[in-house]
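Produce the entire structure from the sequences given, and follow the hints as far as they go.
Protein chains: 2
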Amino acid sequence: MTTEKTVTMLDLAKRAKEASTLLAKATTDVKDRALLRMADLLEEKSGYIKEENGKDLERGKEKGLSKAMLDRLLLTDARISQMADGLREVAKLPDPVGEVVKMWRRPNGLLVGRMRIPLGVIGIIYESRPNVTADAAGLCVKSGNAVILRGGSEAIHSNVAISTILREGLREAGLPEDAIVLVSDTRRELIDEMLSLEEYIDLIIPRGGEALIRRVAENSRIPVIKHYKGVCHVYVDRDANLDQAVAIAVNSKTQRPGVCNAMETLLVHRDVAEAFLPRVGEELKSAGVEIRGCAETRKHLPWAKEATEEDWYEEYLDLILAVRVVSDMDDAINHIRTYGSLHTEAIVTDNYERAMRFIAEVDSSLVLVNASTRFNDGYQLGLGAEIGISTTKIHAFGPMGLEELTTTKFIAFGNGQLRSS
Amino acid sequence: MTTEKTVTMLDLAKRAKEASTLLAKATTDVKDRALLRMADLLEEKSGYIKEENGKDLERGKEKGLSKAMLDRLLLTDARISQMADGLREVAKLPDPVGEVVKMWRRPNGLLVGRMRIPLGVIGIIYESRPNVTADAAGLCVKSGNAVILRGGSEAIHSNVAISTILREGLREAGLPEDAIVLVSDTRRELIDEMLSLEEYIDLIIPRGGEALIRRVAENSRIPVIKHYKGVCHVYVDRDANLDQAVAIAVNSKTQRPGVCNAMETLLVHRDVAEAFLPRVGEELKSAGVEIRGCAETRKHLPWAKEATEEDWYEEYLDLILAVRVVSDMDDAINHIRTYGSLHTEAIVTDNYERAMRFIAEVDSSLVLVNASTRFNDGYQLGLGAEIGISTTKIHAFGPMGLEELTTTKFIAFGNGQLRSS
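Chains as they are written, first to last, in my numbering: chain A, 352 to 772; chain B, 352 to 772.
In case anyone wonders, no lab produced these hints; they're calculated from the structure. For every residue, glycine included, the Cβ atom is placed at its ideal position computed from N, Cα and C. Be careful, since some hints might not be right.
Chain A is faced by these chain B residues, among others (derived, beta-carbon under 7 Å) [to be verified]:
1. T359
2. Q606
3. G765
So, in structure tokens, the structure goes:
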């Protein structure tokens with residue numbers, strides 16, 4: 352049982368490593384059967400999950416958690432079904448493992464290719480939402496990786512209940528239950544120990560606020576895929592269709608302001624500032640958005656607050672928007688390079704040359720022409736799933752789907768090839 | 352000048368970062384022109400290089416470096432031309448930057464793709480061979496990355512001379528010379544400082560012995576691509592063509608025993624041990640190979656030494672071979688899993704089912720059927736170049752060519768797409 356307090360972190364990691372070698376060999380059919388069984392069991396045992404979740408909620412109330420925090424913790428029948436449906440969706444996705452992504456013949460006849468394989472053991476360190484337990488485990492199982500889950504202490508009863516059920520699903524499908532292990536001892540020291548077990552854990556993915564991610568990145572001996580903040584920009588070019596620009600700006604800011612791919616700064620070409628800013632300003636104001644503008648912005652929007660240098664760096668995650676008038680596209684690109692976070696940037700323009708140059712030159716995990724920043728998401732971009740969005744460039748940059756949870760090995764079919772000097 | 356002692360590591364890293372944004376935008380033509388100019392300048396200024404190299408050699412003799420070490424340091428006209436030709440070869444390779452590796456249309460009409468981009472700034476930490484200065488710089492320039500080179504103190508005069516010339520080539524081609532910077536202050540503390548500059552350096556590649564790589568990996572806040580040891584195996588199956596098996600074993604062991612892709616352990620199926628071992632034993636013995644065998648091996652090769660448990664872990668890099676008789680392929684795969692280093696493993700067999708299963712199940716950066724382990728090399732596998740071989744799975748696994756020095760960003764061409772809830 353992974354829930355015994357006496358099991359050490361090292362034991363858990365060793366068990367997961369052992370299980371990972373079996374899971375790596377499992378066929379797609381068996382993995383999908385496990386995912387579907389896990390989904391059904393979550394729904395069948397929703398009573399047990401809600402009971403354990405109730406303990407977390409009660410303790411949360413005692414500890415004085417905010418209403419928003421308690422809502423994030425809460426598991427209802429609808430939310431449990433959502434988790435189950437998430438697993439069913441992952442079962443439908445193509446299996447990346449075993450795919451030969453490329454194959455070529457060498458002059459000596461050797462047939463060389465690259466075959467997708469799982470990474471091994473993935474550690475997920477997350478905060479309060481218990482649905483991450485099922486979502487992350489599902490993606491790891493499908494991609495052939497064992498997973499070590501370390502959720503927040505506030506959700507510990509819920510997480511233990513969910514992971515126990517998921518392990519039961521693995522077992523019933525004939526897979527090793529230690530392919531999903533939960534760290535039930537939520538003392539902080541165990542995270543540090545986890546981050547030192549490079550021999551057993553291949554990748555760490557922290558999911559949560561910037562403080563958590565930085566702490567994990569700074570203490571880990573294991574590679575970490577980081578998702579820092581999203582200071583996303585929309586640049587409205589001189590040749591923008593202004594109707595489109597208004598719609599894209601409003602959608603990027605207000606469709607869901609609390610998430611990382613929402614726009615935080617709007618950059619407007621000087622030549623269209625007079626025509627564009629009053630129009631977008633009205634729409635944003637009526638949507639409840641507070642605007643913090645540069646001096647030139649405030650000429651056109653006298654009601655806007657004054658932006659300070661800090662505003663250009665800010666990820667508000669709220670109905671607040673920084674607005675700056677720029678002299679041309681290069682000025683916009685320089686602003687993005689100085690203040691941006693490599694997350695998502697969009698240009699609105701009907702000018703072909705600038706559209707292509709913006710795409711080529713802007714250094715972000717997603718660069719868009721004439722579309723909302725809100726599309727930076729694994730589902731929206733067509734990856735079928737997402738375990739997070741990487742804003743650093745090593746291994747993965749942008750939304751991470753199943754493929755990003757794999758690597759490739761080289762394979763070679765020969766008929767006696769030898770190396771000559 | 353990067354060679355001033357007063358320039359701090361932070362200054363160097365900032366300059367390289369700045370240069371990297373310009374290099375990332377450079378066209379293939381300009382980068383190739385720089386590479387060719389660098390090559391010509393190396394040959395034109397070979398007198399200067401040899402003079403500076405002479406200082407390193409002299410100091411090396413005073414310090415009592417071994418003959419092998421001094422030979423590694425030595426630069427002759429032929430070796431300088433080899434460096435130059437290396438740069439010319441890299442100029443001929445396709446430019447990975449800007450390649451759109453995949454593109455697809457979403458149901459809402461958004462055209463989404465993945466475009467290759469440079470990583471940014473790459474730090475190379477290496478030991479005594481001064482040719483690495485030119486080889487690594489060439490690959491980084493071609494892939495649009497700035498590079499910070501930190502070579503060994505024994506080669507410092509040679510490295511300064513080479514990097515000064517390479518920077519001249521960049522400048523003459525209109526590229527920023529700070530795209531190649533050399534850390535001329537070789538105190539150990541500066542490595543630690545370099546490894547902490549995660550804001551400016553995107554990836555660290557250590558090239559050298561295991562001790563160097565471990566020290567770098569343990570101290571780095573920046574992602575490190577590791578190349579640990581190569582304990583490579585050849586498994587001779589029951590259904591092997593024994594002529595082929597002898598040739599592959601001898602080539603894998605003796606063609607160049609001092610390198611990471613040479614075979615270190617030979618695994619032989621029990622059913623062919625009697626027919627195979629005396630034959631391969633004779634050939635290996637006459638090539639000067641010392642054999643350390645398990646008890647069963649020594650029944651067939653009475654002259655072999657006795658292998659200890661340590662031998663199965665050993666990377667000899669020498670004319671020594673560990674030999675073990677196994678009961679079947681699963682026994683061989685288990686041995687590889689227990690003692691291997693994820694580097695290179697080959698099976699020799701004419702059995703189709705086992706060939707395919709070995710390819711699928713063995714977890715190494717290159718898995719071969721009926722070919723020598725010596726093919727695990729970027730040039731031999733057709734990547735055109737190689738900056739190292741990764742034996743860890745994050746970002747790259749196996750030989751790293753130009754593509755492995757890039758990542759992909761998502762790009763999206765829209766016509767007003769908005770996200771709905």
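Results for each hint:
1. T359: The hint is violated - T359/B has no Cβ within 7 Å of chain A, the shortest such distance being about 22 Å.
2. Q606: Check passed: Cβ of Q606/B comes within 5 Å of chain A, closer than 7 Å.
3. G765: Hint holds; G765/B Cβ to chain A Cβ min 3 Å, cut 7 Å.
When the structure is compared with the earlier hints, a violation turns up for hint 1 alone.
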